[in-house]
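Participant: Chain by chain, the residues:
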Amino acid sequence: MNGYGGTILRVNLTDGKISKELTPAQLARDFIGGRGFGIYFLFKEVPKGTDPLGPENKLIISTGPLSGMMAPGGGKCDWTTKSPLTGGYADASMGGHFTAEMKYAGLDTIILEGASAKPVYLFIDNEKIQLLDASSLWGKGAIDVEVELKHKYGEEYQIAAIGPGGENQVLYACINHDFGRQAGRGGVGAVMGSKKVKAIVLHGTKSVPVADLEAYRKAGMALYKACKDAEGLAEWSRYGTTIVTSWCNEVGALPTRNFSAGSFEGIDNINGQAMRKEIVITDKGCFGCPSPCGKYSNMKRYNTQVEGPEYETIGLMGSNLGIGDIQVIAEANRLADDLGIDTISAGSCIAWAMECYEKGILTKADTDGLELKFGNTEAVFTLIKKIAYREGKIGDLLALGVKQASQEVGKGSEKFAIQVKGMEQSAYATHNATAMLLAYMTCDVGAHHNRSWAITYDLQVGREKVVPEKVAHIIWLQNFRPMFDVFGSCRLQWVELGIDRDLYCPLLDAITGVKRSWQDLEAVGNRIWNLTRMYWVRENEGFGRDWDLPATRFYTEPPKTGVTAGQITKFEDVQRLLDMYYEQRGWDNNGLPTQATLETLNLTTLVA
Amino acid sequence: MSDLEPHFLQYMSATIRPLGMLKSYLGELKEATVEAGHSVLETLTTLGINPDLVAGVFVNNEQQSKDYILQDGDIVKLLAVIGGG
Amino acid sequence: MRLYADSAKCSGCRACLVACSLNLFQESNPKKASLNLIPHFPNPGVFEMKVCTQCGDCAAVCPTEAIKLNDRGAYYVDFAECNLCEACVPECPEDVMFVRTELANAAWKCDLCGDCVSVCGTSALWIAN
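In order, the protein sequence lines correspond to chains F, X and A.
Numbering-wise, my numbering puts 136 at position 136 of the first sequence, and it's gapless, one number per residue.
Numbering-wise, my numbering puts 21 at position 21 of the second sequence, and it's gapless, one number per residue.
Numbering-wise, my numbering puts 68 at position 68 of the third sequence, and it's gapless, one number per residue.
By construction, these hints were calculated from the structure, which means they are not laboratory data.
Take the hints with a grain of salt, since some may be wrong.
Listed below are the simulated DSS-like cross-link pairs for lysine-lysine, each with C-alpha atoms no more than 27 angstroms apart in a straight line [what the hints assert, rightly or not]:
1. K152(F) to K31(A)
2. K9(A) to K150(F)
3. K152(F) to K68(A)
4. K196(F) to K228(F)
5. K31(A) to K228(F)
6. K50(A) to K150(F)
7. K560(F) to K66(X)
8. K23(X) to K225(F)
9. K128(F) to K17(F)
Restraint ranges, calculated between C-beta atoms of paired labels, are given here [unchecked claim]:
10. D579(F) to I69(X): 44 to 50 angstroms
11. E91(A) to S19(F): 43 to 49 angstroms
12. S13(X) to K277(F): 52 to 58 angstroms
Computed from a prediction, not measured in an experiment: that's the story for all the values here.
Even for Gly, the Cβ is constructed at its ideal location relative to N, Cα and C.
Taking the hints into account, I'd like the entire structure generated from these sequences.
Facilitator: Here's what the structure looks like:
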């Protein structure tokens, strides 16, 4: 099948059975790949009510038609599962070179099922597929594991590994690859750890068939040319996502001290300029990417290296913790990566704990003696380790994520647990930015910004405005942006360089032989969106509007400092946003897709 | 030199080059020549460019803050982040 | 004319390798490319690029005269003439003479098509005299 590896690989960790199926042509037509395949298999094969950390959950890893091809950003794979953090749909997009290697091994999807009694790693080398003993790797950090496995098998082998965080099933454990890339959010690493899969070793030498070779080459080259001609390419490649750090601070979007404000006084020591000056050594790119956002850094103070920090980690592990030192943030990033926990969720949990401590809700008796004040670097380093090992009362508590931790502790701490649907909010403070607030409220994995990003848009239209046009904009972004996750590619070339997205259509056509316009693609996006929504509905008794509410802070506590001091969104506006959103989406007043909508989208059979 | 002789003052100037959507602020022009010695923020105000929409200021390819004081000969690129993260 | 590489600018993206294999073999298969991209991670955290300098040492040693000059003035392997003796491989001072029988039935090398330069977003590659 043109553009595809051709095979779905199933690995049953319980009985060790490894089986292959041909990738169904109809699946490729209807769901295209990547995140589309992920939700299809999740909905169809993981029974309702499955324990996310139990053997019936599946970890579904999918490439897409652009993965491994001569396409800017053809380097992403999608990891889909039922989230142990939220109890709903989770997917994480991982860059690097793993997805390309999957295609060269002839694989469109790898489905990990069941659970192994003993630690194993999955070894894939073209047709040779084995589950091998990982007892000597178990307990090691993700970086060491990658070093060891590359040394054992060869530089060409691509490795994805969990750290102790995943082994210990920290609910936001991540999966690491290529010395600096992660399948980060939603606890995909915990699911991998619950199956006792320490790593995946991947190697393939096959080539991917395409429908029209000349057209493929031409369309791919046109996209590369557009990227290379883009204004701002040099600037973007120099700073990556850190390019927005100072600006977010200026517009009140930089999470500061557990999102109590949107501006941070220590900004000059944590922005992109500070990074380049103090630590960055290499601009590192994922497969096929002409605009490398990765900033590989060397921290002289600690004699360590990390790919990062990117903007999210600067936010959640820097300003959000009251830390104004880029080397500290980079080292915290490295610790979290190596131990295998998501920096965004970990940063948010630590910030919540710091606010609890400063308010006296948690005392030294609860924190194993740690003085959890904002800005305490040593406490941050110690806590990251405690969380990864679930060590002590505090480590075990924070390993649950901020929603469950705050429910356990109570005493009003739920009010400053900055999360939606159980996922900690990523690095944009939304005290007064209604489009972005709505983005976080309605993102289908919880409070993550990847589906729709609207900071500039809010500033253009008027940050406090609550108008149907804002809602329409968010919906459009949600139908459109995740299509890159379906293609198996990165979205940042379009997002950051502003290239013409129509250039992707001839490329997809030339590769797959299926002609699709962006209208067609957004229709697929809309369909997938409704399916992920229905997954939440199915798995959560009483799912509805309440689950879409933002973190309480954003409609109750105006910041006392910074650019957005005194500004907050009114709760009635939160509800108005949802009213408009549900109406425009074709959902009922409680946020459930109506029967009519499901029929129009041809989803009634699948969700029955 | 008497007061009657012409003094040829040399203006210190910098070039402002908005990228992407920010170009619309200069209409037909690709760039604007401005007086050096002012901060980027002041200059944006003078040019009528909303500073909130300017995500990145690059002076001779290095990112600078909006407090940066423009020097003679500086080439300043202004970047908006439309798509985001 | 030859290809040049500035390792300090290389981001390790491998776009060059895909473009190369597409040119040489009409396949998207970076393992069948004629540049050598060597990552050095986690420490020191840099990429090393090696490219064909068109020195001609490979051609000089080839017993079947399979390594010829194309109309760009660059040495290339005529697959039909290559007998896989591998004499060329150790001769190459840049390790960019490739023989992998599981991938192809002939040796392969850079033919100076320039596609790698077209896809390199960091300008780490260029062609000059």
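Participant: If any of the earlier hints don't hold here, list their numbers in rising order.
Facilitator: Those not satisfied are hints 3, 4 and 12.
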